[in-house]
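Peer 1: Take the sequences, apply the hints, and build the full model.
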Amino acid sequence: GAGVSQSPSNKVTEKGKDVELRCDPISGHTALYWYRQRLGQGLEFLIYFQGNSAPDKSGLPSDRFSAERTGESVSTLTIQRTQQEDSAVYLCASTIAGGYGYTFGSGTRLTVV
Amino acid sequence: DAKTTQPPSMDCAEGRAANLPCNHSTISGNEYVYWYRQIHSQGPQYIIHGLKNNETNEMASLIITEDRKSSTLILPHATLRDTAVYYCIVRAGSARQLTFGSGTQLTVLP
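One line per chain: the protein sequences are A and B, in this order.
For the first sequence, the working numbering assigns the number 117 to the last residue and increments by one with no breaks.
For the second sequence, the working numbering assigns the number 142 to the last residue and increments by one with no breaks.
Because the hints were derived from the structure by calculation, they are not lab data.
Among these hints, one or two may not hold up.
[Unchecked claim] Not everything, but these chain B residues come out facing chain A in the computed CB check (under 7 Å): (1) Arg48; (2) Asn51; (3) His72; (4) Gly75; (5) Pro76; (6) Tyr78; (7) Gln129; (8) Phe132; (9) Ser134.
None of these values were measured; they are calculated from a predicted model.
Note that the Cβ used here is the ideal one computed from N, Cα and C, for glycine as well.
Peer 2: So this is what it looks like as structure tokens:
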């Protein structure tokens with residue numbers, strides 16, 4: 005596609021429920037990133053995928069967070085047993101291998117009530 | 033990655049040049065300077081990057097001092113749509129991720 009697509013754009017969930025967020029990167033972009041942005045704050049790195057290499061999970065805040073990516077296509081970020089502090093905008097970005105400029109999606113705004 | 037320091041906020045009159053400073057005094061020889069911006073409720077947008085030479089594209093110009101310890105992003109004719117948070121990031125070419133700081137909130141005034 006023309007850009008990075010994320011779905012849903014908004015998600016309201018009850019505390020304790022699991023949620024799954026989706027990212028469709030730009031075709032041909034081998035690198036994919038997930039970031040989190042809490043209200044009024046900067047971006048926090050969560051996880052990085054590069055081709056078929058093992059992902060860099062160093063930014064995941066707890067074992068309730070996980071992400072998958074099949075090849076160079078869609079990625080899903082799963083949050084289990086959601087907590088109120090998980091409320092944030094979750095942003096996905098993609099780039100070509102060794103690329104300089106990331107292309108970000110518009111994000112998924114997650115609200116845990 | 034080297035740490036960057038930016039002013040938290042700046043104003044600029046519409047039609048004038050916006051000059052956004054960034055200090056990166058601990059930058060290493062293999063680290064690039066990147067600029068992104070984030071318009072309210074949108075994902076960050078790549079603007080420009082450079083290593084040591086000044087760079088220009090359709091969006092902006094990047095001026096890097098000779099010692100590379102600071103840089104300035106220049107928006108030559110700011111418009112209201114340029115109101116955003118501007119992030120200056122330094123990153124090694126081989127680094128896996130971008131680390132975003134607090135950025136500068138630029139407000140373009142009519």
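Peer 1: Return the numbers of the hints above that this structure violates; sort them in rising order.
Peer 2: Hint check: 1, 2 and 3 fail, others pass.
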